[in-house]
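Trainee: So you can see what is in the structure, the chains are spelled out below.
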Amino acid sequence: MSHRVSVQFFGITREIIGASTLTLDLPQPGRVGELLNSLKAQYPALSGLRSLLVAVNGEYAEPEDPIQPNDEIALIPPVSGG
Amino acid sequence: MLLPAEYARYEKHLNLPEIGVEGQLKLKKARVLVVGAGGLGCPVLLYLTAAGVGTIGVIDPDTVSISNLQRQVLYTTEQVGKPKATVAVNSLKKINPEIRFNAYAYALDRANARTILEEYDLVVDCTDNFTVRYLVNDVCVMQEKPFIYGAIHRFEGQVAVLNAVLSTDDGVRRGPTYRCLFPEFPNQMEIPNCAETGVLGVLPGVIGTYQASETIKMITGIGRPLNEELLMVDLLAMSFQKIKVRRRLDAEAAAQRGWEEGNRVPAPQETPKSLTAVELAERLDQGEEIFLLDVRERPEYNICHLENAVLIPVNIIANNVKRIPTDRPVVVYCHHGIRSQYVVDYLQKEFGFSNITNLQGGIHAWARDVQPEMEVY
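These protein sequence lines map, in sequence, to chains A and B.
Going by the working numbering, the first sequence opens with residue 17, and the numbers climb by one from there.
Going by the working numbering, the second sequence opens with residue 10, and the numbers climb by one from there.
Calculated directly from the structure, the hints in this document are not laboratory data.
Keep in mind it's a predicted model, so treat the numbers as computed, not measured.
Fair warning: there could be bad hints in the mix.
[Said to hold, decoys possible] Keeping only pairs whose Cα atoms sit at most 27 Å apart, straight-line, the calculated BS3-like set for lysine-lysine is:
1. 102(B) <-> 251(B)
2. 91(B) <-> 38(B)
3. 253(B) <-> 226(B)
4. 253(B) <-> 56(A)
5. 251(B) <-> 56(A)
6. 21(B) <-> 331(B)
[Claimed, not checked] Per the computed footprint, the stretches of chain B lying under chain A, defined by three or more beta-carbons under 8 Å from a beta-carbon of chain A, are:
7. 43-49
8. 310-321
[Claimed, not checked] Example chain B residues on the side facing chain A (calculated, C-beta under 7 Å, incomplete):
9. 160
10. 161
11. 162
12. 164
13. 165
14. 208
15. 252
16. 254
17. 256
The beta-carbon is built from N, C-alpha and C at its ideal position, and this holds for glycine as well.
Using the sequences and the accompanying hints, generate a full structural model.
Mentor: Given below as structure tokens:
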């Protein structure tokens with residue numbers, strides 16, 4: 017059984033990934049931090065972001081929070097424009 | 010008390026039972042500081058002025074430039090070159106002469122922030138840089154003042170009401186701060202594609218109008234402000250999402266620490282942003298002690314470099330800011346002067362360096378005009 021989640025990208029993360037959303041099949045249920053690390057391995061430029069807010073199903077998430085199949089994840093970096 | 014002229018002007022507010030005379034009087038008594046009179050600041054200022062916010066402060070160090078007019082709807086072509094804070098207030102007075110305006114045509118910085126913010130009940134964060142954004146956060150947290158945050162990027166915007174007092178069944182507490190969303194000061198230089206990103210002109214209009222609306226709700230105490238939510242707007246997809254956010258336990262400590270660190274604050278004095286190779290050569294000949302900063306890559310440096318230049322490639326600048334002196338002039342150069350200009354702007358804006366100048370045309374111009382025997386590439 018696959019663990020499919022969708023990830024939405026905002027701000028500079030959208031430019032780094034080159035897409036506004038990705039659907040990922042996780043090998044097993046994991047945690048927010050693990051998902052972030054695997055994205056960073058695939059897109060090293062993500063590692064340059066010192067502050068990156070991760071939301072799971074519309075709620076602020078910490079790295080140790082779990083990810084379940086069908087979760088909707090969002091990566092939100094700070095933006096500076098005004 | 011409302012004057013007869015005010016009854017006429019605010020008739021449509023007075024007709025709303027949620028606002029009425031009581032709400033309009035709250036607006037009249039309110040003192041709001043708008044930090045930044047750019048894309049977000051323009052709609053915020055227009056609507057707060059029209060709504061009858063009694064005292065409005067405007068702080069912005071910039072002058073109107075022609076490229077602002079695509080989105081900064083408070084300014085006209087004739088006003089290019091004039092200070093935004095002053096020009097804005099002059100126009101706003103014509104919209105509503107009942108308002109008391111304070112124009113500050115300079116940057117909000119560590120030296121003035123606490124004194125200026127002290128004069129206001131509420132702050133609207135419309136700035137265009139992280140230095141001032143974190144400064145607004147830290148001072149608002151220290152002064153226990155709510156602020157209405159807005160920021161934009163290309164087609165996307167963020168809005169939130171931060172550090173607000175929340176009354177709940179368990180009593181009174183405060184909502185999240187900017188550092189609860191983004192604890193670490195961003196490291197822009199590590200982000201690839203550092204070319205200046207554009208912005209859809211109407212975007213700050215949308216986001217700034219939401220900020221104005223949240224400000225009015227906060228003052229009048231109506232509705233449900235974005236107190237523990239970050240609103241994400243994407244105009245391309247026309248999507249709106251609210252992310253639930255909470256205050257972190259270390260919100261006060263983080264603000265205090267941020268304030269004390271204070272190494273990212275713009276210094277007031279202005280230096281010319283670039284000089285020519287010949288000008289640099291003359292100053293070096295006169296024995297002036299100048300720190301030469303080479304921001305190219307190592308292989309480029311190995312081909313040619315200025316004598317005694319220190320190499321810090323552009324992509325690692327952010328982690329090496331401490332190596333750049335603040336007590337003597339710094340001249341930054343690259344191959345043709347583009348990367349180095351970016352570094353100059355970045356260091357000035359995000360770290361407050363006031364002693365930094367770009368070498369026009371880079372080392373290529375130096376080889377052409379000063380040192381023809383230098384190897385070029």
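Trainee: Could you run down the list of hints and mark each one as holding or not?
Mentor: Do the hints match the structure? See the list:
1. 102(B) <-> 251(B): Between residue 102(B) and residue 251(B) the Cα gap is close to 35 Å, so the pair fails against 27 Å, i.e. violated.
2. 91(B) <-> 38(B): violated (30 Å)
3. 253(B) <-> 226(B): holds (19 Å)
4. 253(B) <-> 56(A): holds (24 Å)
5. 251(B) <-> 56(A): At roughly 25 Å apart (the allowed maximum being 27 Å), residue 56(A) and residue 251(B) satisfy the hint.
6. 21(B) <-> 331(B): Violated - the C-alpha atoms of residue 331(B) and residue 21(B) are around 56 Å apart, more than 27 Å.
7. 43-49: Per the Cβ count (4), the hint holds.
8. 310-321: Our answer is that it is violated, as 0 residues pass the Cβ test (under 8 Å) against chain A, missing three.
9. 160: Holds: closest Cβ of chain A sits about 5 Å from residue 160(B), inside 7 Å.
10. 161: holds (4 Å)
11. 162: With a minimum Cβ separation of about 4 Å from chain A (threshold 7 Å), the hint on residue 162(B) holds.
12. 164: violated (10 Å)
13. 165: holds (6 Å)
14. 208: Nearest chain A Cβ about 6 Å off; hint holds.
15. 252: holds (5 Å)
16. 254: Since the shortest Cβ distance to chain A is 5 Å, the answer is holds.
17. 256: It is violated, given that the least Cβ distance between residue 256(B) and chain A is near 11 Å, above 7 Å.
This entry does not satisfy hints 1, 2, 6, 8, 12, 17, going by the numbered hints stated previously.
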